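Make a model of the complete structure from these sequences and hints.
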Amino acid sequence: MNVRGITHSLKEGLTGIWRNRIMALASVASVTAALLILGVVMILVLNINNIGMTSKEQFREIVVDLRKDLSMDQMEEIGDNISELEGVETVNFQTNEQALTIMKMDWADEAYLLEGFSENPLPNSYTIVLTDIEHTEKVVSKLISIEGIDDIRYYKDIVEKLIKITITIRNVGVILMVVLVLISIFIIFNTIKLTVFARQTEISIMKYVGATNGFIRGPFIVEGIILGFVGSVISILAILYAYKIVYQKVLEDFYAFFTMYLVPYYVIVNDIVIIFFTIGIGVGIVGSVLSLKRFLRV
Amino acid sequence: MIRLVDVCKRYNHEVLALDSVSLHIKKGDFVFLVGSSGAGKSTLIKLLLKEEEPTSGRIFMNNREITRLAGRQVPFLRREMGVVFQDFRLLPKKTVFENVAFAMEMTGISAKQIRKQVPMILSMVALSNRANNYPNQLSGGEQQRVSIARAIVNNPTVLIADEPTGNLDPDTSWEIMKLLSFINKRGTTVIMATHNREIVDIMQKRVVVLEKGKIVSDEMRGVYKNER
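Residue numbers (this note's numbering), protein chains in the order written: chain A, 1 to 298; chain B, 1 to 228.
Note that these hints are calculated values from the structure, not bench results.
All values derive from a computational prediction rather than experimental measurement.
A virtual CB, placed ideally from N, CA and C, is assigned to each residue, including glycine.
A hint or two may mislead.
[Claimed, not checked] Example chain B residues on the side facing chain A (calculated, C-beta under 8 Å, incomplete):
no. : residue
1   : Phe76
2   : Val83
3   : Arg89
4   : Leu91
5   : Ala103
6   : Glu105
7   : Met106
8   : Ala126
Below, the structure is given as C-alpha cells:
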C-alpha cells in the first residue's frame, strides 16, 4: 500500500470512529478492562515468583533437632552420616547453648523471660543446607531412619503452597483474560460492523471500480488499531501508575525489607508496554478483519 | 475480446439463470442485452464483473480466461471495465469531482494525475460547471453522467451499463445514449442491458435477446423483439 492508501485509511478510519463514538468508547473500555486484568495478574504472578526465587535460598534448609540423651560421639556420628547424604551441601552443628544465645539476641528486650529456665530447654541441632530445594524429600526420608533425631523441620511445604497459589492465580487470570479478550474482539467487531454498514454502498462501489481488498480493508483496520491502541495506552498508564503507588507505599510503610520481594517498577515497564500494545492492537485488527469478512467476498 | 463458451449459471441448485450461453463480443462493439426481467441479463453482467462464478462454461476477456482468475486478481480485471447502474450509485457525501476522483484513487495514481484527468472527463460529460456540487443537487441525468464519468475515468476497455436509462425520462435517456455512443466511438466496447424498446430500435446496434436464460436471437442491426 502506498502513502496515498495510508492517508486515505487514516482519514476514513478516524471518520468511522467519530461516526460511532459510543460504540468506540465501549470498545476502548473493553480492551482496557481486559488489559487491566492482565496487568494485575501479571504483576501478581511476577511478584509471587520473585518471592519464591528470593526465598528459595532460605528454604533449602533442613533443621534437625537431636535427642537430649545423646553423647557427643553419637552426635558427631549423626553429623557424619548426614553429610554423606546425597544433595547435602553443608551441615552445621549448633549446640543448645549457641541456640539460646541467638534466641536471647533475637528477643533482645524480652530476653529476661528466658532467664527463668533452670535448664536449657533447647535441643542441640544440625542445620543442613541442601544443594537444591528439590532434594528435600529424599534427604528427609533418609533422616527419618537415623537413630537419635527428635524432630525434622523443613520448608518445602511452604514453597509448594506458594507455587500452587501462583499457578492458581495465573490460571484464573489467564481464563479471565481470554474471556475478556474475546469480549473485546466481539465489541470491536460490532463497532466496526456499524461503520461497515454505513459504508456498504461505498464498499460496493469501491469493488466495482477495482479497489483491492487491502485498500477497502485499510480504513477499518486503522479503526480497529486505533481502538486497540487507545485501550492499551489507558491500561498501560493505569497499571504502571497504580504499581508505582503500591511499590512506594510498601517502601514507606514496611521499610526496604519487603521491597526485596517486590519486582522493581522499572523492570516491568518494558514488558507491560510491549505485551499490552501487542494484545490491544492485535485485538483491534482481529475484530476489524472479522467484521469485514462477509463484505469482501464479492 | 469477450467470449462466453457454454456458460451455465444455476442458483441454489434450482433455477437455471443462464442455459449454455455462448457469445462473442468484439473490441469496439456496441451490444444491447434485452429480455424481460429474470431472463438472465443481470446474471450475465454479474458473471462478466466476476461478481458471480458460472456453474459451468468458460468466459474470456482480453484473451484471458477470467473464470480461472485468482481472487486477488479480480480488482485488476475490474479496472479494465467500467460499470454504470440504473440507480447511479454515487457517494452522497462526496462532490461530483470527488466521486470521479474516488475511482482513480483506488488504482494508486498520483494526485497530480487525478487533478489533470478528472476535469478532462467532466468536460467530456459536460459537467465541468458541476464539479463542486453534491449528487443531491443534480438532476437524474446529471447524476448518471457523473457515474459514466466515474466508469470511464480509468480508461477501461469495456463499459458495462445495467439499465442506465431505467430511471430517466426519454429526453435525458437520449442524452445518456449519445454519451455512451460517443464513448463507444472512441474505441470502448459498450455492453448495455435495457428494457427501452425505442432506444434499441433507433440505435440500430447489435441486439442480443435473452429469454429464460437462453440467447434466442443475436442480430447485428437488430430491433427489440416481442416475447411470444
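Verification of the supplied hints:
1. Phe76: Result: holds, 7 Å to nearest chain A Cβ.
2. Val83: holds (5 Å)
3. Arg89: holds (5 Å)
4. Leu91: Status holds, d = 6 Å.
5. Ala103: holds (4 Å)
6. Glu105: holds (7 Å)
7. Met106: Holds: closest Cβ of chain A sits about 4 Å from B:Met106, inside 8 Å.
8. Ala126: B:Ala126 check fails; min Cβ-Cβ to chain A is 22 Å, beyond 8 Å.
Comparing the model with each numbered hint stated earlier shows that hint 8 is the single one that does not hold.
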